[in-house]
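Undergrad: Chains W and A, in that order, are what the protein sequence lines are. Read the first sequence against the working numbering and you will find it ends at 416, with the numbers running on by one and no gaps. Read the second sequence against the working numbering and you will find it ends at 667, with the numbers running on by one and no gaps.
Honestly, the hints are just simulated from the structure, not real lab data. One thing to keep in mind: the hints can contain errors.
As the list claims (entries may be wrong) - In silico lysine to aspartate or glutamate, EDC-like type, Cα no more than 20 Å apart, as pairs:
no. : chain 1 : residue 1 : chain 2 : residue 2
1   : A       : 494       : W       : 234
2   : A       : 540       : A       : 523
3   : A       : 494       : W       : 382
4   : A       : 471       : W       : 234
5   : W       : 205       : W       : 234
Claimed, not checked - Output of the computed footprint for chain A on chain W, the stretches with three or more beta carbons under 8 Å from beta carbons of chain A:
no. : segment
6   : 44-53
7   : 303-312
As the list claims (entries may be wrong) - Which residues of chain W face chain A? A partial, calculated answer using Cβ under 7 Å:
no. : residue
8   : 159
9   : 372
10  : 374
11  : 375
12  : 377
Beta carbons are placed, not taken as given, at the ideal position from N, Cα and C, and that holds for glycine.
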Amino acid sequence: MDVLSVRNVYDDAERAKDKKAALGADITIENFTDETVNALDMIDDLDDLNKQTKKDLLKVGVDTTEENRSGSFLQVDQSNIFTNNTMSDSIEVMNIGVALDKYSWVEDYLWNVVKPDADKYTAKTALREKEEGVKSGYFVRSLPGTKEVMPVQACMFISDADILQTAHNVIIAEENSELHLITGCATGDDVASAMHVGVSEMYLKPGSKITFTMVHNWAEQVEVRPRTGVKLMDDSTYINNYILTSPVSTIQSFPTAYCDGKNSRAIFQSIQGGKKDSIIDVGSRVLLNAEGARGEVISRAVAQDESQIYARGHLAGTVPDVKGHLECHGLVLSDDSFIYAVPELEASSANLEMSHEAAVGKISEDEINYLTSRGIEEEEAESMIVRGFLNMDITGLPDELAQQTQNMIDMSLDGM
Amino acid sequence: MLLEIENLAVEVSGKRVLKDINLAIEEGETHVLLGPNGAGKSTLFLTILGFPNYKVVNGTIKFKGQDITGLTTAERVKLGIGVSFQTPPSIRGVSVGDLLKIISHQDVNEELNPRMKELAQQLKFSDEFLNRDVNLGFSGGEVKRSEILQLLAQMPDFTMFDEPDSGVDIENVELLASEIGTLLDKDKPQRSRKRSGLLITHLGYILNFVSADKAHVLIDGVISCSGNPSEILEDIRKNGFNGCVECAQCL
C-alpha cells in the first residue's frame with residue numbers, strides 16, 4: 001500500500017478515528033464486532049443460497065437467477081462469497097482486493113472522492129484496510145466505448161447480529177462507456193442489530209454514463225452510514241436512484257457528485273418511506289464546478305409512525321453557465337413523525353441558474369374524498385395516494401432497466 | 417322513492433349552510449338544482465355523498481329506503497350513488513386507467529378491459545391519456561369527460577352532476593350530454609327508466625340537451641321553489657334569482 005501511505009491516507013484516518021460525523025446520531029463503533037475477512041466460504045452459484053436469503057436479496061433488486069444481468073457480486077458480512085464476471089465482455093466485476101492485484105493503477109482511485117478523514121466511519125474503514133489489506137467491497141468497470149444495457153448487480157448482506165460490515169467500492173466508467181448498477185443492501189431476517197459502512201467512489205471518464213440504483217432493506221436495529229463520492233469528467237452523466245421503504249434504526253448519508261467536467265450532469269432521485277422509529281437522514285449534493293454542468297436533486301419522502309426524515313439537498317454553483325434544480329416533497333402521515341426538509345442553494349458566481357421547490361404537508365383531504373367518492377375505502381384511498389406520491393418517474397434508464405426498476409419500486413411500495 | 421331527504425340541516429366548519437331541505441327523487445327521474453352562488457348547491461351534493469366535513473345536524477337522507485345518513489362515502493357509493501365533480505383534485509401517481517379498473521372491479525395489474533377502452537374512445541380519449549395521472553394538467557373539457565368516463569365505468573343508480581358543462585366547448589357539450597343521457601337511461605322510454613339524477617347547472621345550457629323532470633331553486637340553504645324546469649328557468653332568466661327570493665318570501 002505504498003501509494004496510500006505516501007498520500008497519508010492512514011495518517012489522516014488515524015487522526016479522524018474519533019471524529020464525529022457532521023450529521024446524524026453518533027454511533028459507538030466499538031459496540032459492533034469486526035468480522036474476519038473472508039471467513040465465509042465462496043459459493044459456486046447464487047442458486048445455492050437458502051430460500052430466505054434469495055427472497056431477501058430479491059427484495060433489494062438482486063436476482064439470484066441472474067436473468068437480465070451483466071454481472072453479480074455478493075458480499076456477506078466481511079466475505080465476498082460470490083462474483084460473476086463472465087456475463088459481459090464490456091464489464092469487469094470483481095472483489096476490490098482482486099482488482100488491486102490485477103491492476104496496479106486501481107490504488108489511485110482509492111480515497112480520492114471520499115476522504116479517509118471525513119469522519120470516524122470512513123476512518124474506521126481505512127484503518128481496517130491498513131490492518132487487513134483492501135479486501136472488502138467491489139470493483140466494477142465498463143471498458144472504453146462499450147454500452148452494456150443490462151445492469152451489474154451488487155449486494156451487501158449482513159447475516160449475523162452485532163456485525164460491523166465495511167466495504168470499499170470503486171466504480172469506473174471508462175471513456176464513452178455506459179454502465180448500469182443495481183445495488184441492494186439487506187440484513188438477514190433474524191439480525192437484531194448491526195452496522196454497515198459502505199465507502200463508494202465512482203469515476204466517470206469523458207462521455208460516459210453511470211446509473212446507480214440502490215435499494216435498502218435493513219433490519220430495524222441497523223445503523224447505516226454509506227459514504228459516496230462521484231467524480232464526473234467532461235460530458236458525462238451520473239444518475240443515482242435511491243429507494244428505502246423499510247424500517248431501519250438510523251441511516252445517514254450525503255452522497256456528493258463533483259461535476260468537474262464541462263457539460264457533466266448529475267441527477268439524484270430518492271424515494272424514502274420512514275416507518276416505525278427510523279431516523280433517516282439522506283441528502284444529495286451536487287457541486288457544479290465546470291461550465292455547462294447540470295445538477296438535479298429530486299426527493300419524495302413519507303414519514304409514518306414515529307419516524308423522522310431529514311431530506312437534504314445541496315447544490316453549489318462555483319462557475320458561470322451552470323444550472324441546478326432541487327425538488328423535495330414530503331408527506332407527514334402521523335402526529336408522531338416528522339420531516340425536516342433542508343434544500344440548500346449556493347451560488348458563488350454570476351450568471352448561473354439555480355432553483356428549488358419544497359413542500360411538506362399532510363395527505364390532502366380533497367384527494368381522499370375524491371377516491372372515496374369512487375367507492376374506494378378511506379384507508380385504501382390513503383395508501384393509493386401515498387404510493388402514487390412516492391412512485392416518481394425515474395428518468396434516464398434504458399427501457400429494460402426502467403421496467404425492472406419500476407418493478408422494484410412497486411415491490412418496495414407494496415408495504416406502504 | 418329512490419332518494420328521500422327530510423328536514424336536512426347541515427353545518428360546515430360550524431356554519432349552518434343547509435337549513436331545512438326536503439327533496440324526493442323517484443326512480444327514473446332527473447332533477448335540476450338551481451340557485452345563486454353560495455346558496456348551498458354543492459354542499460347538498462357533498463352531504464348526500466357523505467363527505468366528513470359536512471355535518472348533518474338534523475334530518476335524514478334515505479336511499480333505496482335505507483337511512484344512509486351515518487354511512488361513509490364509500491359505503492354510499494357502493495349502494496349506487498355516483499358524482500361528477502366540477503373541479504376535482506389531481507392525484508399524482510394515480511392514473512385514470514387505474515381508477516377505471518378499480519371502479520369497474522377489475523384487477524389493477526391486468527390490462528384495462530376492452531369495454532372500458534371503447535368507452536374511453538367514445539369520449540375522445542387515447543390509450544395514452546389513460547396512463548396520465550388523474551386530473552393532473554387536464555384541460556377543463558378533459559376533466560369533465562374524465563368524470564363522465566369514470567361514471568360510465570360505475571353506472572350508478574343515482575348520479576349527481578355538478579356543473580357538467582362549465583368550461584366545455586359547444587362541440588363537446590353535446591357529446592357529454594349524450595353520455596349523461598346514457599347514465600340517466602334517457603335512451604329508454606320514460607316509463608321504463610330506472611336510473612335517476614340530480615344536475616347542478618348555473619346557466620341551464622345543458623338542459624337544451626338533457627331533459628329534466630323537475631327543477632328546484634336553492635336559496636340561502638332552503639329550497640324556495642320546485643316545479644317545471646323550463647318554467648322556472650324562464651322565470652330566472654327574466655327576473656334573476658331575486659324573483660325566487662321574493663317568491664320564497666311569499667311562501
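Undergrad: Taking the hints in turn, state whether each one holds.
TA: Quick rundown of the hints versus the structure:
At roughly 59 Å between alpha-carbon atoms, residue 494 of chain A and residue 234 of chain W are farther apart than 20 Å, so this suggested pair is violated. With a C-alpha separation of about 24 Å, the suggested pairing of residue 540 of chain A with residue 523 of chain A is violated against the 20 Å cut-off. Straight-line distance between C-alpha atoms of residue 494 of chain A and residue 382 of chain W comes to about 18 Å, which keeps the hinted pair within the 20 Å bound. For the suggested pair residue 471 of chain A and residue 234 of chain W, the alpha carbons sit about 63 Å apart, so the restraint of at most 20 Å is broken.
A threshold of 20 Å between alpha carbons decides the hint, and for residue 205 of chain W with residue 234 of chain W the separation of about 7 Å falls inside it, so the pair holds. Coverage of a stretch by a chain is defined here by at least three residues with a beta carbon nearer than 8 Å to that chain's beta carbons; for the segment 44-53 of chain W and chain A the count is 0, and the condition is violated. Check on the segment 303-312 of chain W: 0 of its residues sit with their Cβ under 8 Å from a Cβ of chain A, so the three-residue criterion for coverage is violated. Hint on residue 159 of chain W is violated. Least Cβ distance to chain A is approximately 33 Å, over the 7 Å limit.
Interface restraint check: residue 372 of chain W against chain A, minimum CB-CB distance 4 Å, threshold 7 Å, status holds. Taking 7 Å as the C-beta contact cut-off toward chain A, the hint placing residue 374 of chain W at the interface holds, the least distance being around 5 Å. The interface hint given for residue 375 of chain W holds, since its Cβ lies 4 Å from the closest Cβ of chain A, which is under the 7 Å cut-off. Interface hint at residue 377 of chain W: satisfied, since its Cβ lies 5 Å from the closest Cβ of chain A, which is below the 7 Å cut-off.
Violated hints, in rising order: 1, 2, 4, 6, 7 and 8; the structure is consistent with all others.
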